[in-house]
Amino acid sequence: MSAFSFACDMLRPAYRLGFVTLAGLLLLASACGSSDSLILATTTSTFDSGLLDELVPLFEEQTGFNVKVIAVGTGQALEMGRRGDADVLLVHAPAAEEQFVEEGYGVNRQLVMHNDFIIVGPASDPAELRSVPDAMSALRAIQTLEQTFVSRGDDSGTNKLELSIWAELGYDPTGEGWYLESGQGMGATLQIANQREAYTITDRATYLALLDVLDLEILHEGDPSLLNIYHVMQVNPERSSNVQGESAVAFVDFMLSDEAQAIIAEFGVEKFGQPLFVPDAGLTEADVRER
Amino acid sequence: MDLVWDGVREAFRILGTGDRDVWEITLRSLLVSGSATIFSLIIGISIGASLAFRRFPGRNLAVTLVNTGMGLPPVVVGLVVALLLWRSGPLGPLGLIYTPAAMVIAQTLIAAPLVTGFTVAALGSLPAGLRPQLYALGASRLQMLWLVLQEARLPLLAAVMAGFGAAVSEVGASLMVGGNLAGETRVLTTAVVLSAQKGEFAPAIALSIILLLLIFLVNLVLTTVQQRERQS
Chain A
331 MSAFSFACDM LRPAYRLGFV TLAGLLLLAS ACGSSDSLIL ATTTSTFDSG
381 LLDELVPLFE EQTGFNVKVI AVGTGQALEM GRRGDADVLL VHAPAAEEQF
431 VEEGYGVNRQ LVMHNDFIIV GPASDPAELR SVPDAMSALR AIQTLEQTFV
481 SRGDDSGTNK LELSIWAELG YDPTGEGWYL ESGQGMGATL QIANQREAYT
531 ITDRATYLAL LDVLDLEILH EGDPSLLNIY HVMQVNPERS SNVQGESAVA
581 FVDFMLSDEA QAIIAEFGVE KFGQPLFVPD AGLTEADVRE R
Chain B
6 MDLVWDGVRE AFRILGTGDR DVWEITLRSL LVSGSATIFS LIIGISIGAS
56 LAFRRFPGRN LAVTLVNTGM GLPPVVVGLV VALLLWRSGP LGPLGLIYTP
106 AAMVIAQTLI AAPLVTGFTV AALGSLPAGL RPQLYALGAS RLQMLWLVLQ
156 EARLPLLAAV MAGFGAAVSE VGASLMVGGN LAGETRVLTT AVVLSAQKGE
206 FAPAIALSII LLLLIFLVNL VLTTVQQRER QS
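Chains A and B supply the protein sequences, listed in that same order. Position in the first sequence (first residue = 1) + 330 = my numbering. Position in the second sequence (first residue = 1) + 5 = my numbering.
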């Protein structure tokens with residue numbers, strides 16, 4: 331008899347009680363756990379801006395489905411979809427999404443809305459981004475003058491866009507003293523940039539939602555490469571038996587419905603004097619880019 | 006400084022007007038962490054009693070493991086519980102991920118080693134002759150355990166406070182296994198994180214004050230019981 335099993339033997343009455351409790355706990359928990367709810371994995375921008383607080387309750391009311399919104403970066407959301415841990419995704423990294431669909435993990439991918447990314451920074455603007463022609467030159471100016479820049483560093487859609495601009499410049503800023511990676515959502519990253527008087531790239535919606543507590547100013551905007559396009563899609567229910575199909579279809583349809591699109595068009599007007607997103611149901615990505 | 010004062014003023018306004026969301030979140034914190042404390046007491050006291058009374062090979066190792074567990078990082082517990090409960094994980098079919106039940110499980114695992122450690126210490130401080138005496142008087146094993154726990158109830162209250170304190174104030178595990186869902190798994194700590202991230206400092210301050218008050222009240226009640234018992 332090994333020392334371990336001997337020890338278990340000695341402890342048996344206590345262990346039995348412990349195990350019974352744990353088993354009881356699991357049983358009780360599984361009784362109240364709901365396996366029929368829809369898991370929506372989405373980017374932090376749709377969540378932090380408050381848009382989903384308006385849309386999700388309406389969807390729940392209309393359909394009776396229960397939605398669990400998990401706000402992570404786009405990279406993580408796609409990863410949750412790959413594992414079958416989410417049913418429907420609302421994300422904003424078109425290239426990664428196309429690959430996700432091609433690999434057979436995503437189906438029914440639909441364009442929902444867009445807004446744009448902006449480059450923000452301290453009002454003093456030491457890198458003089460107000461006078462650069464495009465996003466690439468903006469990042470080059472930050473790099474040349476070694477101005478503090480806060481990156482999301484979390485494989486989110488915003489992070490992917492930022493990295494694609496660095497890649498176009500043929501430069502890897504990782505590890506530089508002026509290049510900080512927050513590893514957090516857009517709201518937290520904006521606040522870090524604000525406190526450090528640093529530059530960062532953000533989606534317009536989160537920036538406007540946090541404007542009250544930020545001293546950062548918009549220093550560069552309007553570059554076509556800074557378009558921020560959101561798609562909704564189902565995780566392929568045929569890849570995993572865990573994935574909900576029916577409620578996911580209903581959610582995709584809901585996001586494209588006239589009612590949801592009208593809410594998207596209006597969202598933010600009352601509070602910020604301008605809409606945070608532009609509804610795009612029925613359009614293609616090329617249509618949006620042409621405008 | 007304006008931010009701080011506005012925050013505090015707004016916090017007291019929220020506390021005064023009894024914002025429904027805030028009270029709901031507070032109640033949920035109390036329920037989730039309260040049940041986790043009860044489960045951790047059952048597990049912790051049974052294992053702690055075994056460790057305190059029985060002599061077996063590997064006992065020192067077991068006590069060391071419990072002491073290590075007292076400093077168990079909540080995020081590690083959160084990650085392990087999440088890996089188990091994710092739909093793709095071994096316990097996925099139970100459908101527990103992102104439910105209050107998942108948070109109760111994680112917080113139980115965080116609090117149980119604390120309760121176990123305090124139990125070992127509390128029972129270890131009893132006079133060595135007590136147990137043989139009780140057996141000599143004809144007590145059964147369960148009666149003995151009950152009487153001994155009665156005898157050690159004052160130091161055991163410290164185990165309750167430590168367990169509840171750890172459960173209600175942890176945030177990493179609750180975020181990971183609960184998902185911070187409004188109206189379902191949002192508790193005081195995760196709500197503070199979210200409010201601060203959104204730049205809404207007033208609710209963050211209000212929720213923090215409530216969290217502190219909650220821990221204070223629970224400890225006040227338990228300490229009062231402890232002191233009164235001691236005097237009588």
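Everything labelled a hint here was simulated from the structure, so no lab data went into it. Treat the hints with care, as some may be off.
Beyond 10 angstroms from chain B on every Cβ pair, some chain A residues (computed) [said to hold, decoys possible]:
1) Ser-467
2) Ala-539
3) Asn-572
4) Arg-619
Label-pair distances were calculated between CB atoms; the ranges are [what the hints assert, rightly or not]:
5) Val-599/A with Thr-229/B: 32 to 40 angstroms
6) Glu-596/A with Thr-22/B: 42 to 50 angstroms
7) Ser-555/A with Val-85/B: 51 to 59 angstroms
8) Trp-508/A with Asp-11/B: 54 to 62 angstroms
9) Val-85/B with Leu-613/A: 27 to 35 angstroms
10) Glu-596/A with Gly-21/B: 31 to 39 angstroms
11) Pro-387/A with Val-226/B: 49 to 57 angstroms
12) Asp-26/B with Arg-619/A: 39 to 47 angstroms
Chain A stretches covered by chain B per the calculated footprint, using a threshold of three residues with CB under 8 angstroms from any CB of chain B [to be verified]:
13) 407 to 419
14) 493 to 500
15) 547 to 556
All of these numbers come straight from a predicted model, not from anything done at the bench. Just so it is clear, CB atoms sit at the ideal spot from N, CA and C, and this is done for glycine as well.
Checklist entry - Are there hints from earlier that the structure breaks, and if so, what are their numbers? => result 2, 3, 5, 6, 7, 8, 9, 11, 14 and 15
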